[in-house]
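Asker: My request is simple: use the sequences and hints to build the entire structure.
Residue-level listing of the chains:
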Amino acid sequence: MTAPTLSVENLQTHFFTKAGVVRAVDGVSFRVDRGEVLGLVGESGSGKSITGFSILGLVDPPGRVVGGRILFQGEDLAALPAERLRQLRGNRIAMIFQDPMMTLNPVLRVETQMVETIQAHERVSRAEAVARCRDALGRVGIPSPEERLKAYPHQFSGGMRQRVAIAIALLHKPDLIIADEPTTALDVTIQAQILAQVQTLCRETGTALIWVSHDLAVVAALADRICVMYAGKVVETGTVDEVIDRPAHPYTIGLIGSVPGDRPRGANLFQIPGMAPSPLSLPEGCAFRPRCGHASEACLAAPETTSQGDRAFRCFHPQLGAQA
Amino acid sequence: MSDAVIARKPLLGDGILAQALRGILDSKAATLAAIACLVLVAVAILAPWIAPQDPYDLASLSIMDGRLPPGSESMDGWTYWLGTDAQGRDMLSAMLYGLRTSLGVGVLSGLFALAVGTTLGLVAAYFGGRIDTLVMRVVDLMLGFPTILVALMMLAVLGQGVGKVILALVVVQWAYFARAVRAAALVERGKEYVEAAQCLGLSKARILFSHLLPNCLPPVIVIGTIQVAHAIAAEATLSFLGIGLPITEPSLGLLIANGYQVLLAGLYWISVFPGLLLLALIFSINIVGDRLREALNPRLQK
Amino acid sequence: MTVFIIRRLVQSGFVLLVTSILVFLGVYAIGNPIEILVPADASQAEIAQAVQSLGLDRPLWQQYLTFLGNALHGDLGRSFVFNQPSISLIFERLPATLELAFIALMLSLVVGIPLGVLSGLKAGSRFDRTVMTGSILGFSLPNFWQGMMLIMIFSVMLGWLPSTGRGATGEILGLHTSLATWDGFTHLILPAINLSLFNVSLIIRLTRSGMRETLPLDFVKFARAKGLTERRVIFVHVLKTILIPIVTVIGMEFGSLIAFATVTETIFAWPGVGKLIIDSIMRLDRPVIVAYLLIVVAMFIVINLVVDILYSVLDPRVRLSDA
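Chains as they are written, first to last, in this note's numbering: chain Y, 1143 to 1466; chain U, 2 to 303; chain G, 78 to 400.
Honestly, the hints are just simulated from the structure, not real lab data. Check the hints yourself; a few may be wrong.
Straight-line C-alpha distance at most 30 angstroms; calculated BS3-like pairs for lysine-lysine [said to hold, decoys possible]:
| # | chain 1 | residue 1 | chain 2 | residue 2 |
| --- | --- | --- | --- | --- |
| 1 | Y | K1292 | G | K199 |
| 2 | G | K199 | G | K317 |
| 3 | G | K199 | Y | K1160 |
| 4 | Y | K1292 | Y | K1315 |
| 5 | U | K29 | Y | K1160 |
| 6 | U | K205 | U | K192 |
| 7 | G | K199 | U | K29 |
Sample of chain G residues with no beta-carbon within 10 angstroms of chain Y, all distances over it, derived [said to hold, decoys possible]:
| # | residue |
| --- | --- |
| 8 | G151 |
| 9 | V233 |
| 10 | R301 |
| 11 | V313 |
Covered by chain G, per the in silico footprint, the following chain Y stretches (three or more residues, Cβ under 8 angstroms) [said to hold, decoys possible]:
| # | segment |
| --- | --- |
| 12 | 1156 to 1167 |
| 13 | 1328 to 1338 |
| 14 | 1368 to 1382 |
Beta carbons are placed, not taken as given, at the ideal position from N, Cα and C, and that holds for glycine.
Answerer: Quick look at the structure:
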């Protein structure tokens, strides 16, 4: 089996704030293979977005990566010099952000922002760069790309802007794309289009994709494998079929159960009791313990990850054999 | 099972003054500056008692002692630590009295501008509508012109005198207060306690000054501090140009002006020392004001 | 866009009108105007004749209209001291002031923006704190005293630069400017530094706070995620964003510089309108005062208008939003 495109080992990213140390990412491990789509699922505050930023070294102070390894094609990203990391960004690893209105610079033309991405990594003439940008826009389904290039971000609709962001991500045909909730801010119909587009493109080019989201339905449709995160840790990993149909961790069960639509009409909507803990004051032992219906004395100690082949979960009481 | 943390009441309480004080004490530079301000104010108030000579008492001056460099001996045997000016006035004494005048005019005009500007800002925010538009138009107009120009215009028309200078400075400064207070009051106005006070049938004046105003204090304090420094500097400039305070009430600005003519002749002390004192005063106030602005900024407080 | 300009022009005209009324009242209505408009040693008969010919016996509003009418024809009275029309006097001196203000502005930008950018990048560091305290010192220094100190150090003690006056001017691109000659240049340095100092502090602070507000924004992170060099991220993405509001402030500051030039010109005996107005106030040369105030106010209004237009041109979000 070929080496995975990305292998994250025990990643830890902490924020050193005046109020205390926030362990946003606290020992996260997963891998993504070539051409595979990995869904990184969790609520807000679970650390999933920070995981994405940590991979690319984009964590802003007062946060920083304090431990672990991030192996990308043999190089440990956490230990690379800044210039080498810069060469990889946008080139071999690309990122798509959540809100394209804020991620595209409002005072620069789209053409400028696309051409600079090309010229940051390759010595090409401006004319050639512009031509490539035009093609890239066409490939993501943007009509009249010539005119669109000259425009400014605020002149695009939300869905179009996100397509531009995707086009930018694909400019250098990266080996890995990290997409941080890219469709959350869009209408459902546009969302579906974007999803389909991304899926096709990844299949065509063999790009590995990490799709970070809180929307389980989207991830279930798109991903090959899923990692569920809670309070900075990965609590369950597995193929999409396994995790969705036979979830093991009580939190995953709760998440799946919370998706409306599965229940008979008129039945009460299911909720996981309680609230996600504040990252400054995590409960002792397993972070999910206060909200878990299966918790026991044993859960006062922090559980380690148990692996069964390709499956893994971090729980003393995995609900194996249960159906969702 | 709950993770509630019981917050300790911070030292000195939560009030605005406590916040301001804590903000200053948090910074070494600001604390030093605040101490310097207090010292200067004390010196200014005590000037008539601590000055070795009364620079306004023409009988005590001797023109023979004029233009002496620092450290020289007087005819009576005591030392002119900072030298004398052209009329034989002891620079140290003249500076102490000048400090008194500069500080007095600056603080007075600042206070009046604060009173006028804050009231107008509160009124504009509370009553809204046409009153608000009118006040804000005037404010925008005033703020569009540099202070020195407006002061020049006013003094050209009104002539000289302490009262007129203070008036000119108030006219120049009130708009800063009005604008900031109005912005803060608009935010406060939407809050429930204002509605509650209205339901209780409290008089408008009562609502404005007892309820709205205390919650709008942060910008007032910050701007007040900075404007005092601004007023002192403006008065000094106007006096230097000869259209500020009359020579019977010399401020530091006028002292510096007196030294200007002889500067090129090498008699530096007549303008350098008052200038240093003026600089120290303005600088300290500005440092404190800057620190207060950071400490009382609601956005940065999170 | 055109509607906007027209509306602003109307507003500006209104402001100018109000100012002219205020100025007129201040000068011609307060006190006994005849005393200032006629030489002190005039006889009673001469005074009576002057009153009639100057129309001072007519109602106030009529006098104002005459004044306004004259003003629109370019006649703002004659200077007592120089015995020439005030308008021509002012326009003679204006280029010197504009030159000084412009050079001071350039100086403050060249020094202020880099310092502000560096401070913003290293927020909280010792460098940052030093620069910030330095900037407070910059605007605490009383303008006139600082000018005197400059003269004392560089002219009297070191003898490097001339102390007063404007040097010889030459022509560059059709403009008479001090920059064209070495003599002119040396005379320009100290006054320009003096005038620019308080402005430098403002620019530093503005740039720094712009940096601090912009650096955490998402598009900066995205630019880095694309693999752009840090230099490009700062100088193209961040700087272009923060320069837009800074440009508008700079525009207004130019007006301020012209006003503050009064002090600088007095100290350095620079032959501009600033020195002229101070002298005129001292000598009660009221026609010149009136002319100066009206012209300067008009300049301010024009500058404000230009700045507003500039802002909407530079910010693509504003420019392209009238669909």
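Asker: None of the hints should be skipped; say for each whether it holds.
Answerer: Structure-based check of all given hints:
{"no.": "1", "hint": "K1292(Y) to K199(G)", "verdict": "violated, 35 angstroms"}
{"no.": "2", "hint": "K199(G) to K317(G)", "verdict": "holds, 19 angstroms"}
{"no.": "3", "hint": "K199(G) to K1160(Y)", "verdict": "holds, 19 angstroms"}
{"no.": "4", "hint": "K1292(Y) to K1315(Y)", "verdict": "holds, 23 angstroms"}
{"no.": "5", "hint": "K29(U) to K1160(Y)", "verdict": "holds, 19 angstroms"}
{"no.": "6", "hint": "K205(U) to K192(U)", "verdict": "holds, 16 angstroms"}
{"no.": "7", "hint": "K199(G) to K29(U)", "verdict": "holds, 20 angstroms"}
{"no.": "8", "hint": "G151", "verdict": "holds, 43 angstroms"}
{"no.": "9", "hint": "V233", "verdict": "holds, 49 angstroms"}
{"no.": "10", "hint": "R301", "verdict": "violated, 6 angstroms"}
{"no.": "11", "hint": "V313", "verdict": "violated, 7 angstroms"}
{"no.": "12", "hint": "1156 to 1167", "verdict": "violated (count 0)"}
{"no.": "13", "hint": "1328 to 1338", "verdict": "violated (count 0)"}
{"no.": "14", "hint": "1368 to 1382", "verdict": "violated (count 0)"}
Hint compliance for this structure: hints 1, 10, 11, 12, 13 and 14 are broken, all remaining hints hold.
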